[in-house]
Amino acid sequence: MDIEKLLRVFIDEAVERIGEIEDGLLEIEKSPQDMELINSIFRAAHTIKGSSGTFGLSDISRFTHCMEEILDLMRNGKLIPEKEIVNTLLEANDILKEMIETVASGGSFDFSRCEGLVSRMKSLAEKKELRQFKIIFIPSADLFRRGIEPTIIIEDLKNIGEIVDIQAYSDEVPTLSEFNPEELYLRWDILLRTDREESEIKEVFEFVEDGSKIKIFPVTDAEKDIPFLGQMLIKEGVVAPEDVDAALKTQKRLGEILVEEGKATSEEIERVIAKQRNSKQESFKKSITSTIRVDLGKLDHLVNIVGEMVIIHSMFQQFINSNGNREAEKLDLIFNQLQRIGKDIQESVMSLRMLPVGEVFHRFTRLVRELSETRNKEIELIITGEETELDKGVLEKITDPLVHLIRNAIDHGIEETEERIAKGKPARGRIHLSAFQLGDSVYIEVEDDGRGLDREKILRKALSAGLINSGEGLTDDQIFNLIFQPGFSTAEKVTDISGRGVGMDVVKKNIESLNGKIFIRTKPDAGTTISIKLPLTLAIIDGLTVGIGEEVFVIPISSVIESLRPERCNVKTLNEKGEVINVRDEYIPLLRLHEILDIPAMKIKPWEAIVVVTSHEDKKYGLLVDDLIGQQQVVIKNLGNAMPKVRDIAGGTILGDGRVALVLDVPGIIDIATKALMN
Amino acid sequence: MVKENQGQIEEKQQFVTFYLNEEAYAIEALSVQEIIELTNITKVPHLPGFLKGVINLRGTIVPVVDLKMKFGMHSEGYKKHTCVIVTEFTGGVMGLIVDAVSDVLAMSEETISEPPSFGARIKTEFIKGMGRFGDDLVIILDVDRVLTDEEVSVLSEAKEAQ
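Protein chains in written order, with our numbering: chain A, 18 to 696; chain B, 17 to 178.
Treat each hint with caution, since some may be false.
The calculated label-pair distances, taken between Cβ atoms and stated as ranges, are [to be verified]:
id: 1; chain 1: B; residue 1: 119; chain 2: A; residue 2: 503; range: 49 to 57 Å
id: 2; chain 1: B; residue 1: 55; chain 2: A; residue 2: 489; range: 54 to 62 Å
id: 3; chain 1: B; residue 1: 97; chain 2: A; residue 2: 318; range: 30 to 38 Å
FYI, nobody ran anything at the bench for these hints, they're computed from the structure.
Glycine included, each C-beta is placed from N, C-alpha and C at the ideal position.
This is chain B alone, in the form it adopts within the complex (with noise of 0.2 Å):
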């Protein structure tokens, strides 16, 4: 570390924080384009049911992922502060929806530990690690990792030969 002062600004990053059911997540706010109240979904046929469809984003259509149904979390439908944080992302521009936004937050690298190991049963490799602030725990998400898993690439190929 160079000064002290100066190296604290720096090493903290931002990260928009939100919901799904009752559990905090996070990811890097630089992977965030925007934040828009969700709007009609146009379904695209053949697709997993998390991929939910496309929306219109001001005359672009941008891709939509349910990431509760992404997660195989239980989800009860959409309601008034269900939300869809447009991000970009190294395979695109997509839309991930969430139950809710509730914060942009700044943590240093030393509030951010290695996610921890929950054995076979729970994926972990979408975790980029788990945040502290204050007395809240938040599960920092890998995006790239969330949208270009296997199952999405398997799954094209899947369409494209049929």
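Here chain A stands alone, though its shape is the one from the complex (with noise of 0.2 Å):
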């Protein structure tokens, strides 16, 4: 292997342990306490670190160095994550991460930008290496004599450290009759917390030294404050160690206790064990071997290749029955298995490029936590669903109007504290991010518990835009959804957060993009769910296949509501522009396919010819195609990357007998054709 794809194993190491320490560092926030957690962070920054500077990034080794630092502090507890410290390792690690992209693209990073974060790091890591001391000051009697007040003492102390616990003895009083006021009889033991070192505290006493005993000692464990009774034992000296590991031999085990007691027989004990075991081992296994890294171009080439064994079984089938034989029947039972057998494989590849949404949605816990903080919000992002699977192509396309979603709800769905508190609900608002499965769709919510979208805002703001003309006879729904219209955004001061002048309009043409839909509910002061339906994949689709002239196109089921033959009577033109037909006391603009694809068709007029009913935007479009040919799965297919982009052509897809079929794009359509006719 040269050096080049070694560069390449690393970048892809480097860009995964990033991402980790990400996740990680957002978890540790929630539950400082987890070791394993810290450790897996630690461990990551680790790897990183070891293996830039073997490929000779000696900066990046150096700057992994000082999170590493930080991280080992944390890891022995000498550091407590504090959100200071959080915040400053996540901002390392975007640099991190920028650093690693400069090595991917060949350029230089300008190290020099990062320098006043490494010296912040540094003093982190030195300032904050706390350990705890346990100070036992027994004073000498003369101590007022010689004009010293050991409280001041103590509160030098504080000035060096945190003082965790001090205890005072009185055991050594005497009584009244012998009290000399003159005398000090108390004693001290003193547990401090400090960055500083033991020869400083030690200038604390300086003064007290002559006659006093002092004695500093360093506690390790800093963060087990509790530690074993045993432990504890020894450290105040009532018994000796050797007392306990005795002591401790004779304790029994939580086994031989139930067996002694006959609460269970040693059999069954031994079988708990041994399951126990075998669960720990399992859990091990299952943590080390559960993916396996692939590159996207070997899959996409086997998606392919699957793809063409489909369209060679379809062939086939039409050569069997074109072909009356004999044999046929026995053929067809044989082939019928293969096809089986094909489709099974079909679905197991395609389900290769399947990943849990909760790579993406982990990601917005971070938009959330700072964008909830530079608009002084509080806000929580509860996810659910993580583990639901979409297609790669489509996660990686849906992450995007995700990112505009999220900061639309923080930004103009939840309120400001005092406006939560004052309509009687919870200071902390909540956003939920949720996806899941139903049928061939998989939903994305994006739900916040704000104040709702306003009606009125919404109908103001679209008349003053010139989108409507007056909101009379508009449904909710129709209001509702006049946000995804181009020109639109009801945000009155425009911040660094929305407002950018990208609006709803692109996250819908995004979704649509990917054959996908979007949907609002909204309630006052209940808050607003924005929901988006995606097909499971963007590969394979259920189309309808019609004829046009001499060509064959696909229109995607899911945009097809009904297909028919209208009366003569029911076509109607208005204005000699446009035309409608009447379905069932419904009056659905008819839009002729050939006219605007610009091509020559078989069947002028619509009572010959065929309707696709089709819905966009809640409203119902009629295509008129000439025939109908049948309903099939197929695969879509980009039709290359030297190919301009046709708004209304989403890709093409190959037919049983090899030929090209184009995939229509409804919404494009659509939006030519109003427009078109709006001129």
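Now that you have both chains on their own, put them together as the hints suggest.
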């Protein structure tokens, strides 16, 4: 393997580790005690440090070393993962990601940029290296006579660290008759947490050293404030270590006690213990072999080959059907088996492209955390259904729209804290990001418990922006859907979060390009839910094949409501411009596909042809085609990178006879047609 | 030049030559993926005439360009020898419809000359050079230039905006 390839592997791995670090850091805030978590973050940073060093990327290695130092302190319980520290580490992780990206693109990273960050990290590491010291202070009795007030010493100690625990012992204080007010009878045990050295603590006691007994020793395992009883007893000098050991040996295991008391037989206990051991091993095995990294190109190639196989299958079937043969029945039987296996292979290959949405969802924890901080709102992100799987292609394209939706929820949806309290809502806002599968669709929902969409405000805005002429006769749904119109933005003030000129119309367009749909549910003061419906996979769709002139087109079934041949009397012309058809007393605009696509048709009269009724934005449109050919599953392919993008074509597919058929982009076609009508 | 023998072998480049009407053209063999018979072309709406549509190349969809139409040459429809040269260029994979493929030629640098200037009437930016092969003259095309021509990009923008 040459160095290029090795470097590629390093970059892939580093990117993955950086993701782990980020996830871990976000998690650590919630559970700062999770040692395994801190360990895993540490290991990830350590791996990057090591491998970047191997590749001679010493700057990256040094940078990661700083991160590792902090993580190491956390790991040893010397540093508590406070917000400031986590923030710094997150920042460093972002920079690290940039560094790796520069390596990947062959550029050079400007390391002077992160000098500030590095020194901040260093000071965090140095300053916060907290250790605990136990100080046993038995002052000399003549301290008062020497003009020294012992409490001043304790005050001094407070200046160099935090006094975790202080205990004054008054057992030496004599009875009143023997009491000499000029004498000091007290002694202290102090537990001090500090970043100073032992010698510095000694300095505090410099003036009282004479005649006093002062013992200062570091206490290890600071986090384990409450050590095991045995250790405590030893430390306090109550018993000797040997005594504790001896006592421990006489202790019995839980199993033995149960057996002795006759609650269980020793066989039963053995069995359960064996099971426990097994499950430990199982969980270990799981964690090391559950995934395998595959180059996406290889996977796509496999998907292509399998797609081809499906096509050949249908060609074969056509051939068998058209060539009446004595053996045909037998052949058909064997062929059916082959086809079933083929279908299985296809399904499992397609599933290889599926990824759990959790990977993308967890990135939003960070987004919500940062945005809510800048907006001074307290917001909690709840994630459910992270194991729901989506095609990798869909997953990548869904990320940006989701960022936008979540930003909207934070910026417009969730109220300021005071407003929420005034309304009697919990001060902390909630965004629920969920995914679930229903039928052959996957739903992704962004739900907030904010103020809900303001019907009147949207109406006013739409009127002033000229999107509608009057609000009369519009249902609530239609009004809410106005926010998806280009040029609509209700933000009264433009913030850095939303209002960047990218509106909900872009979100909608992106979703539609994935053959998806977007819905709004909203209730004043209860919140808004934006629901996105996506096909399970981009690559295979159910399609209606239709003929127009010489050509065959595929219309995705997901946008088809019905198809019909209208009666002559049900076709009407409006102003000599638009045509409508009457379908059970509903007037539906008729769009002549051959005109939109600019190709010749065989049947010009709608009552001789077929109308495919489709829906777009809750409105119905009839598409005029020559014939219905059939319904089949088709593998959508793109038309090649060299092909200019045509708005009304979503892609192509290969038919059973080897010809290419174009797959229509229904929203695109309706867009073009309605715009043409308006002009 | 280092050593004469070795130099000559290295300097020779391979070209695929083909005909458009009676004129001989050539493109670098390295940019040719394969040559196939002309199959069913599916038309894609709204595209300029020279972008004929898409074909199925063993499961992959590949767009095809009629080179004669692209160059504004007289065309009499497709015949028996009409074939598609599948090329790889910086923008992707594209099929070129040509009248006939004739040969693979090895030409050395010296036999290739700069494109002559025809004045403003004939565009020469597609032409990489003129090659001599025996007594014949072939026009060597720059595939990238032919296919990433301004027209195509302007067109794609127009379609996006539509």
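With respect to the beta-carbon atoms only, verify the hint that residue 119 (chain B) and residue 503 (chain A) lie 49 to 57 Å apart.
Holds, since residue 119 (chain B) and residue 503 (chain A) (Cβ atoms, about 55 Å apart) stay within the stated range.
Given a hinted range of 54 to 62 Å, is it respected by the beta-carbon distance of residue 55 (chain B) and residue 489 (chain A)?
Given about 56 Å between the Cβ atoms, the range holds.
Residue 318 (chain A) and residue 97 (chain B) - C-beta distance against the hinted 30 to 38 Å
33 Å, holds
Going through the hint list in order, the structure satisfies each hint without exception.
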